[in-house]
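Visitor: For reference, the chains in residue letters:
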Amino acid sequence: AQSVTQLDSHVSVSEGTPVLLRCNYSSSYSPSLFWYVQHPNKGLQLLLKYTSAATLVKGINGFEAEFKKSETSFHLTKPSAHMSDAAEYFCVVYNQGGKLIFGQGTELSVKP
Amino acid sequence: DTAVSQTPKYLVTQMGNDKSIKCEQNLGHDTMYWYKQDSKKFLKIMFSYNNKELIINETVPNRFSPKSPDKAHLNLHINSLELGDSAVYFCASSPLGGLAGVNNEQFFGPGTRLTVL
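Chains as they are written, first to last, in this note's numbering: chain A, 1 to 112; chain B, 1 to 117.
Read the hints as simulated data drawn from the structure, not as lab findings.
By construction, the Cβ of each residue, glycine as well, lies at the ideal position given by its N, Cα and C atoms.
Fair warning: there could be bad hints in the mix.
Claimed, not checked - The calculated label-pair distances, taken between Cβ atoms and stated as ranges, are:
| # | chain 1 | residue 1 | chain 2 | residue 2 | range |
| --- | --- | --- | --- | --- | --- |
| 1 | A | SER26 | B | LYS40 | 16 to 24 Å |
| 2 | B | LEU83 | A | GLU71 | 37 to 45 Å |
| 3 | B | LEU117 | A | THR17 | 39 to 47 Å |
| 4 | A | SER26 | B | SER5 | 29 to 37 Å |
Just chain B, same shape as in the assembly (with noise of 0.2 Å):
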């Protein structure tokens, strides 16, 4: 069974475009994160939900819109994409976030990899 799925696994798009990459976790899980590797495999954290509530915003443009249905699903939705949006996009969830969460493990999906041309 997979525990974080993401969906597509790969999505190549147009500047000016949106798109939508969805994530699901069947962990039973309260926390769930988006983060951004570059080209250079660097790994940033963009999002964190708790319980369908964000709880880490970092200094992303708002282009970028997290959306938490259930606490089992964490979309990420880009508008107007740019040529520096490419990347691989993880999804990941835990089961707390927080400073309560800080001797949990994160469990990863298997990425998401954007290319706008």
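In isolation and in its complexed conformation, chain A is listed as follows (with noise of 0.2 Å):
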């Protein structure tokens, strides 16, 4: 069965510094992969998703995450952090059965 898990529940960073928010997943086939970011008493927006191309996959907001099979991993990184980025993000894997398996979400937190 596939899975995924974020590794931190809460990140705090400060602006202009970098972001990494840790997924791992649990696949036996190649995964389709996605990064979700709800922002508070929002919907959730699509930033990226990893479809088995290029490994690293650029999103919006200057967003990116690599794709590593050595490692299970599908981090999210930022070079800058803005205030606007602070929200919670979803790490997501796509089943075979046709469903989004979500992860626990990180709550992003930026401080001035």
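Take the two lone chains, each set in its own frame, and fit them into one complex as the hints suggest.
Guide: Written out as structure tokens, the structure is:
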């Protein structure tokens, strides 16, 4: 069965410093992986997706993620945090049953 | 233009009542979904419909009954509401579902916050 584990429930960074949100996946085949963002009291928005093309995936708002099969990881990064990046981030895998399986979420706080 | 809309945005009701949440998408997508987000922000799929047909039905109490009158609408009716039903319910849509939808982005509505007293 496919699953994802987000290694940090909460990450706090200062504005202008790098962001790293960690995600490990478990899958018996080449997975489709996504990062979604949820701003307070809003719906979810797709940041980026990996679908077995390039291992380094660029998304919106300066985010990117690298698929590393050897480490079963799909960490989300951004070189410089902005206050507007404060939100909940979800790592997601698409399973063979046609379902999105969500990680537990990582809350990103950005300090001025 | 709103892509996926839900009504109402907030719903406060007493235990034992019956309530409905409506969802509409204007993206022309074939597949629609209902998700439940609990108080710890964990998201789990409940149902999925492809062109008005049920294709995913998770282990959800049968007090929850989805209905899709056409492929642009997916409503959720909940009977005999319980305290544990309090959550945020999200509707979503994608061009395709099932294995064919593996690379598809799902577009989410703004959510309906249900509070059962």
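Visitor: Against each hint, give a clear statement of whether it holds in the structure.
Guide: Now for the hints, and whether the structure bears them out:
| no. | hint | result |
| --- | --- | --- |
| 1 | A:SER26 to B:LYS40: 16 to 24 Å | holds (21 Å) |
| 2 | B:LEU83 to A:GLU71: 37 to 45 Å | holds (42 Å) |
| 3 | B:LEU117 to A:THR17: 39 to 47 Å | holds (43 Å) |
| 4 | A:SER26 to B:SER5: 29 to 37 Å | holds (35 Å) |
Violated hints: none; the structure is consistent with every hint.
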